[in-house]
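Engineer: Note that the protein sequences, when read in sequence, are chains S and Z. Heads up, the first sequence is in the numbering used here, so the first residue is 1 and it goes up one at a time. Heads up, the second sequence is in the numbering used here, so the first residue is 1 and it goes up one at a time.
In case anyone wonders, no lab produced these hints; they're calculated from the structure. Wrong hints could be hidden among the right ones.
For each label pair, taking beta carbons as the anchor points, the in silico distance ranges come out as [to be verified]: (1) A357/Z <-> G49/S: 39 to 49 Å; (2) E208/Z <-> Q62/S: 37 to 47 Å; (3) E347/Z <-> T7/S: 54 to 64 Å; (4) G40/S <-> E338/Z: 41 to 51 Å; (5) A22/S <-> E338/Z: 41 to 51 Å; (6) D68/Z <-> K24/S: 29 to 39 Å; (7) V59/S <-> D158/Z: 48 to 58 Å; (8) H334/Z <-> E45/S: 26 to 36 Å.
For lysine to aspartate or glutamate, the following EDC-like pairs were computed, each having C-alpha atoms within a straight-line distance of at most 16 Å [said to hold, decoys possible]: (9) K85/S <-> D221/Z; (10) K86/S <-> D221/Z; (11) K86/S <-> E71/Z; (12) K217/Z <-> E81/S.
Heads up, the beta-carbon is just placed ideally off N, CA and C, and yes, glycines get one too.
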Amino acid sequence: MAAPLPTSQPHLAAGCRWATHADKPVVLYPEGMIRIQGTGRHILELCDGQRTVQQIVEVLAQKYGAADPAKILDDVGTFLEALQKKRILDY
Amino acid sequence: MTPNPLALIAEITHRCPLHCVYCSNPLQMVAKQAELSTAEWVRVFEEASRLGVLHAHLTGGEPAARADLEELIAGARQAGLYTNLITSGLGIPEARLPKLVDAGLDHIQLSFQDSQDGPAQWIAGAKGHAYKIVLAEKIRQLPLAFTVNLVVHRQNLDHIEEMIEFIEQLHPERIEIAHAQYYGWALKNREHLLPTPEQLDNCMRAVESAQTRLAGKARIDCVVPDYYARYPKACMGGWGRRIMLIDPSGRALPCHAAGVIPGIQFDSVREHSLEHIWQESAAFRMFRGDEWMPEPCKSCDRKTQDFGGCRCQAFLITGDATATDPVCSLSPDHHLIEIARATAAAEAPQPTWLYRASVG
């Protein structure tokens with residue numbers, strides 16, 4: 001499995017879901033949880049299986065103004081691929 | 001301040017149709033009439049969730065031997081827990097599977113004994129391999145996380161590559177290659193289970209190669225077994241630090257094997273709240289922190305990583321539960337492990353197994 005395409009529609013993998021722990025959002029998966037904050041959390045919240053990677057990048061580019069969209073696409077791809085290899089995300 | 005537990009291991013029954021020679025259940029098992037009721041388990045799940053537990057691992061024995069498994073899953077899920085079912089698959093007819101999903105099951109971990117029917121039956125002391133394959137196909141069609149677990153040991157490691165390829169065909173997201181651990185029934189059968197150093201090297205190479213090949217398809221977990229490691233495992237993430245195990249009769253233990261250590265009184269969820277047991281019970285406090293530690297642990301800078309290793313293993317091998325885990329290369333008792341390894345490296349006789357007993 002390679003990095004996501006701009007047209008990929010990422011979503012949490014089967015059996016992985018959001019929950020709250022110690023008043024903070026976490027993602028639960030079979031072996032544990034990820035405490036996820038900041039940009040990572042923002043990206044993951046956008047992964048609803050509907051939005052494409054390209055659309056996620058547009059949302060982020062708008063939010064972070066000056067950032068170069070090509071750079072954001074690259075960073076988001078790396079982040080999503082890492083979670084996909086952990087089998088927490090699919091696209 | 002004691003951190004809250006993160007995981008609850010709910011050993012809901014010791015009944016099991018299999019008799020695996022490496023079973024981690026205690027030699028003294030709990031009979032059906034002593035098991036907690038549905039309502040008692042549901043209360044345990046609610047208390048666990050309030051205590052900060054995130055994951056409930058429903059295990060056994062074979063958890064599907066309980067007719068109320070669906071209710072237990074629903075109870076755990078409604079309490080807010082992530083629900084994980086650790087099963088042999090036997091006792092789950094195909095028609096029961098969707099009911100488990102409807103009850104709120106998040107993840108299923110299905111165990112295999114081998115890639116081949118004959119050897120699987122020899123290890124499990126019962127038939128079931130062919131049905132597990134059928135069930136795996138059904139699981140894959142459901143919205144669940146799916147892990148396949150395979151226990152590896154001297155008798156099957158010579159075809160580790162074939163076993164990984166077999167599991168790959170079942171399309172799980174996760175593959176757990178678990179080296180047998182020597183407690184309970186496995187300790188009784190250790191001389192026929194402990195791998196040779198060559199088998200272990202080959203296994204780790206095969207796993208690494210499969211990890212590369214399957215990257216993005218399945219995640220493969222496999223750790224070097226502690227008999228061959230330089231330092232002990234951080235057993236249960238430290239005694240009374242992260243995990244609480246409730247046995248079928250409601251006794252709360254810090255791990256699967258703690259019942260072997262003489263002189264510990266394990267409190268029951270029938271008499272105390274989980275919070276009280278976690279915070280106050282003598283059993284959970286006994287090896288918490290480093291007060292109890294002998295040298296070389298006490299002054300070792302690894303003590304915050306491995307917590308002195310496993311108390312049950314220390315007791316089972318040295319007769320002293322407060323000893324440094326003998327698998328540690330720094331332990332004064334480490335020669336006992338070296339002898340076991342040397343025995344494994346020698347020519348092995350045809351195994352005569354002590355099969356895990358049945359429980360009524």
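Engineer: So the hint says 29 to 39 Å: do the beta-carbon atoms of D68/Z and K24/S match that?
Structural biologist: holds (34 Å)
Engineer: In this structure, is the beta-carbon distance linking V59/S and D158/Z contained in 48 to 58 Å?
Structural biologist: holds (53 Å)
Engineer: For the pair supplied as a hint, K85/S and D221/Z, confirm whether the alpha-carbon distance does not exceed 16 Å.
Structural biologist: holds (12 Å)
Engineer: Are the Cα atoms of K217/Z and E81/S separated by 16 Å or less?
Structural biologist: Satisfied, since the Cα-Cα distance of roughly 12 Å is no more than 16 Å.
Engineer: So the hint says 26 to 36 Å: do the beta-carbon atoms of H334/Z and E45/S match that?
Structural biologist: Since H334/Z and E45/S have Cβ atoms about 50 Å apart, the given range 26 to 36 Å is violated.
Engineer: Given the hint of 39 to 49 Å, check if A357/Z and G49/S actually sit that far apart at their C-beta atoms.
Structural biologist: holds (48 Å)
Engineer: Verify the CB-CB distance for A22/S and E338/Z against the hinted window 41 to 51 Å.
Structural biologist: holds (44 Å)
Engineer: May I ask you to test the hint 37 to 47 Å on the CB atoms belonging to E208/Z and Q62/S?
Structural biologist: holds (42 Å)
Engineer: Is 41 to 51 Å a correct range for the gap between the Cβ atoms of G40/S and E338/Z?
Structural biologist: Holds, at about 46 Å.
Engineer: Are K86/S and D221/Z close enough, with their CA atoms no more than 16 Å apart?
Structural biologist: holds (11 Å)
Engineer: Is the distance from the Cβ of E347/Z to the Cβ of T7/S consistent with 54 to 64 Å?
Structural biologist: holds (60 Å)
Engineer: Within a Cα-Cα threshold of 16 Å, do K86/S and E71/Z meet the stated pairing?
Structural biologist: violated (31 Å)
Hint compliance for this structure: hints 8, 11 are not met, and every other hint is.
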